[in-house]
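Student: Model the full assembly from the supplied sequences, consistent with the hints where possible.
Chains as they are written, first to last, in this note's numbering: chain A, 18 to 816; chain B, 468 to 773.
Quick caveat, the hints were computed from the structure, so don't treat them as lab data. Remember, predicted model here, so these are calculated numbers, not experimental data. Be aware that one or more of the hints could be misleading.
[What the hints assert, rightly or not] Label pairs and their computed distance ranges (CB to CB):
{"id": "1", "chain 1": "A", "residue 1": "SER38", "chain 2": "B", "residue 2": "GLU531", "range": "49 to 59 Å"}
{"id": "2", "chain 1": "B", "residue 1": "SER620", "chain 2": "A", "residue 2": "ALA143", "range": "19 to 29 Å"}
{"id": "3", "chain 1": "B", "residue 1": "THR503", "chain 2": "A", "residue 2": "LEU683", "range": "24 to 34 Å"}
{"id": "4", "chain 1": "B", "residue 1": "GLU623", "chain 2": "A", "residue 2": "LEU702", "range": "19 to 29 Å"}
{"id": "5", "chain 1": "A", "residue 1": "TYR39", "chain 2": "B", "residue 2": "ASP627", "range": "49 to 59 Å"}
{"id": "6", "chain 1": "B", "residue 1": "SER620", "chain 2": "A", "residue 2": "ASP458", "range": "48 to 58 Å"}
{"id": "7", "chain 1": "A", "residue 1": "ASP540", "chain 2": "B", "residue 2": "GLY491", "range": "50 to 60 Å"}
{"id": "8", "chain 1": "B", "residue 1": "ARG611", "chain 2": "A", "residue 2": "LEU683", "range": "53 to 63 Å"}
{"id": "9", "chain 1": "A", "residue 1": "GLU82", "chain 2": "B", "residue 2": "GLY491", "range": "24 to 34 Å"}
Note that the Cβ used here is the ideal one computed from N, Cα and C, for glycine as well.
Listed here are the chains, written in short residue letters.
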Amino acid sequence: MESGGREASTWREGRSGMIDSYERVTGRVPFATNVEVQGMLHAVLLRSQIAHGRITRIDVSRAKEVPGVHTILTGADIVVRGAFKARFGPVFRDQPILAIDKVRFVGEPVVAVAAEDRDIAVTALALIDVEYEELPAVFTPEEAMANGAPILHEERPELGATFADILINRSGDPNTCNTFKVRRGDIESGFAQSDHIFEDVFTSPSVQHVPLETHCCIASVERSRIVITTGTQIPYMVRGQIAEIFGLPASAVQVIAPPLGGAYGSKCYPSIEPIAAALSYFSGRPVRLQNARDEEFVTITKHGVKIYMKTGVRSDGRILARKVLALFNTGAYADIGPRLIKNGGYGTNGPVSIPHVWIDSHAVYTNVTPAGAFRGYGISQAAWAYDSQIDMIAHRLEMDPYELRMKNLLVDGEPFCTGELMHDVHFRELLTTARDRIGWDWSAAPERVGQKVRAKGMSCIIKSTVTPSTSTASVKLNDDGSLHILTSSIELGQGVHTLLVNLASDQLQIPVGRISVARVDTDVTPYDQQTSSSRSSWSMGHALTAAISDVKEQLLSRAAELSDEEASQLEIRNGHVSVIGAPEQGLSYQEVVRRTRAGNIVGRGFSQTQGGLDPESGQGVASVHWHQAAGAAEVEVDLETGHVKVVKYHAGVYAGRVVNQVHGELQTEGNLAMGLGQALWEELLYDNGQLQNGSLADYMIASFDDMPDEVDLNILESGRPDAELHGIGETSLPAVMPAIANAVFRATGVRITDLPLTAEKVLRGLKALEAEGGAKNGDLTTPDGASTDGQKHVVGSVT
Amino acid sequence: MLAPRFLRPESSDEAVELLRSFEGAAKVVAGSTAMTIMLRQGLIEPDALIYVGGLPGLREIHEEDSRLRVGALCTHREVELSAEVRAVLPILAYTFGTVANVRVRNAATVGGVVAEADYASDPPAVLLGLGADVITTSPSGERRRPLLSFYRSFYETELDFDELIVAIDVPIPPSGTYAVYEKYVSRASEDRPCVGVFASAQFYGGLFHNVRIAIGAASETPQHVPAIDRAGDESDLRASVIGEIAEAYAEQTDTLDDMRGSSWYRKEMIRVWVRRALERVREDAYASPSPSRSSSIPDEMPRRDQ
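Tutor: Right, here's the structure in full:
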């Protein structure tokens, strides 16, 4: 912050909440869902009902007869007309706009209908006949990697140029669309030096993001111009993909990106936008397409992951070696899976210092809904494995799990498994605070009242932020002294626009009421790489700061024109330009802009980080800095039902420097709510590729009543005024699931290694313990879960 | 999908004549909390929706001859908050108050929840346990059936296509009766029950009489087996008696599998929750051995929306 704020921070008065809170509570936020365009058609999609098959016939003749139906489109129509590219995807161009020849998952769009209204389109949809020749299907990475497994993409999909830094390793298995490796030290010698070796298997299911607002877009395609209004986290990605599909220069594609009603990673990469654009191209009319809730469940998910983890430990608890095989189920189309497995791969190292590391992380095609970015980005699945395992190791070695973690946590100057040296590290501080605030006492027995038992557990996690990364921002200082911020960072509800306004307010020392954020529009607002990876505060914050510095410099030189002083003798102080040492004689910004007839002063800012990893060794720079969190849960388990209630939760997260305390707390509470659901119930259940619970009646997310009675937050700051901003949008989430599972283990002796910890799974565990005559070794797993004794699998274990 | 015709009869007679004329292709709609979901999911495709929400005379609650008659158009919220219901059948007010959330309870009707026969609804099991009758009207006249023989299977009842539920008629338990409803939710707090257990018994002379159990949400239809309940009659509901009843319900209920629990898990939960429900009845009785009339208002009204 500017130190000037301390002497007269009047510009901060009246600052509270979201800058658009009035619009939010009065229903005036212009979400994509609310946009109407003159003459627009309404589209619906016929989706595949089989998991894998060849399309043998599509008959749309009856549907065409329905009055009000305008355009009916199939993948074959797109291919035959050849007017534009038929496939898209952020890494591989493997996803057809509409299925071509084959369908690869239940829910894949096959036919699109655009009509005068939605009811007409739905009526027509019911009259379309599609016939398939079913093909054998695979639903898990292990099935997909087995010898003789059906191949999802016979032809190797085209690799796009969207990410300059993605290195693809497609050695071997045809259903594996990328493999990332970490090789550090000498793994065999690490195990040889170890006194104990633990092999465990952990699974996380695929889950859904469940944003309140489903995907929605309106596309208008004209001969040489495309306008798309869409709920997206990455408007420049949508622009690039649409421009590529239609063979247009980027400047001919305008993407308007309104605020989102939640996203959590689900709206990073194009999904329905190419379909709406294709329909608009063929119909000559603007086309609106919005997912119904059940369609949201078959559009994009979090990766289901199975992790084999072998860890070698010295008798004093020091971890010496870790070998990991991580199988990410990326579904029928790659989406961002090939990139995510990199984070999910090195992520399995955890926040600990390990000299010998060997990690293989695979993104594998299967016949289920594509998986992509999800709050936590591969780290939740990794943390579920490593933090559960460190707790299990502590128990097996009869050590305090807090002490075992403390013994191994990374500190400043130590290398991560990628070889980069850690800096600004606060794991020990976070974990110790977590221990103190939850009231951890290893020697204390679980507290039992009647059929209910209470105990505590903790966790500690590390997360990267996307590196390399680029953000740009512009600001316009108007002739009345007010400011416009032009940014392509998207307001998802996380408060990024409020944060940027607060930063600008502090730096120019003007009240937030005099600052506006322009609507995100790729024709107007400058490039931002993505609104994800908890990077906006940091990356866009830097770009904005640079843009404001640019404005300040121009203000000083403009003001110098109006005075006898050199620009170097002037300073910005208390919202004025004044002579250094004589703040009382300042010129207002308004005076400077008006009297110099500048019109406005435009500042430009740029922020870029460098990095990248070698895909064969995983060595390089994974993250410009590291996101850090600890969690501690107190649970109450009903021993007769297996029901778990989280009664208290402490979330600790390192923020570097807090810009907005309330938003920091809300983000962290939101992570807790999301983690709670994933810990206890959330799981997309498939039966032969058919989703069984694709509705909010069948799929449970946490509600307010499920939140712990007591929530305690530690948004940790470094204390240095120049500390870097650390994103916290995701950071505390991956800690929630293992903290709860570790507490359930302490309470019951039941160790569950396959999320979620349903009541039934816990009860089955309790019954199995009872049958064994008590929790002697604590290594029990659920009958339907993974065993902890180094179970082999068809692909090959990590050993 | 052609939108169904939306018809608004002005009387019950007109409504049942319309039902008869559509020969089963029409559906009755009032609060439409369940109907809308079924229509939107394409589970039903009626030719017509016959809106009865505004019909006169079907929204009254009154007590007569030790019976409480609740009009079919009373909303869940009205039953939950009704002073009359709370006075004579507090367990019924409590149960309707546990359903869904206040938005749903403000619209969903008593007739609707009984007719829908959704296995995961709370009120049917409690009404069954209380020994309620269903009163209907049709072009052939008024009819009364015990709820015990009303449910056939999933979403299937004895209702003829031209029959309209007009009221539920519930006997008011004799004084000294203690009743509880245990709603066990296995997932998020807004979920529907995995198992719901109603239990009641009359306590006098140091013994329990007229023990009644009903199990909801665990099988296709709510379960009430008088032969099992009799084990509790003239007993002190000691642990062994309760255990025997719980075990018998667990064994005899043909439990189903869904997202809220497997068939095995539901049997386990029936065993646990029948026992817990009966223990509560016993504890309530010992705690205040002579309530003026049926049980008192439960201490724990649902926490949500209060």
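Student: Determine whether the Cβ-Cβ distance between B/GLU623 and A/LEU702 falls within the hinted range of 19 to 29 Å.
Tutor: holds, 26 Å
Student: Taking the beta carbons of A/ASP540 and B/GLY491, is their distance inside 50 to 60 Å?
Tutor: Once the Cβ atoms are compared, 58 Å apart, the range 50 to 60 Å for B/GLY491 and A/ASP540 holds.
Student: Kindly confirm whether 53 to 63 Å is satisfied by the beta carbon distance between B/ARG611 and A/LEU683.
Tutor: The hint (53 to 63 Å, Cβ to Cβ) holds, given that B/ARG611 and A/LEU683 are roughly 55 Å apart.
Student: Do B/SER620 and A/ASP458 keep their Cβ atoms within the hinted range of 48 to 58 Å?
Tutor: Between B/SER620 and A/ASP458, where Cβ atoms are some 53 Å apart, the hint holds.
Student: Do A/GLU82 and B/GLY491 keep their Cβ atoms within the hinted range of 24 to 34 Å?
Tutor: Given a distance of about 29 Å, which is inside 24 to 34 Å, the answer is holds.
Student: Does the Cβ pair A/TYR39, B/ASP627 satisfy 49 to 59 Å?
Tutor: Since A/TYR39 and B/ASP627 have Cβ atoms about 55 Å apart, the given range 49 to 59 Å holds.
Student: Does the Cβ pair B/SER620, A/ALA143 satisfy 19 to 29 Å?
Tutor: holds, 28 Å
Student: Starting from the range 24 to 34 Å, see whether the pair B/THR503 and A/LEU683 falls in it by beta-carbon distance.
Tutor: holds, 33 Å
Student: Take the C-beta atom of A/SER38 and the C-beta atom of B/GLU531, compute their distance, and say whether it sits inside 49 to 59 Å.
Tutor: At 54 Å between Cβs, range holds.
The earlier numbered hints are all upheld by this structure, with none contradicted.
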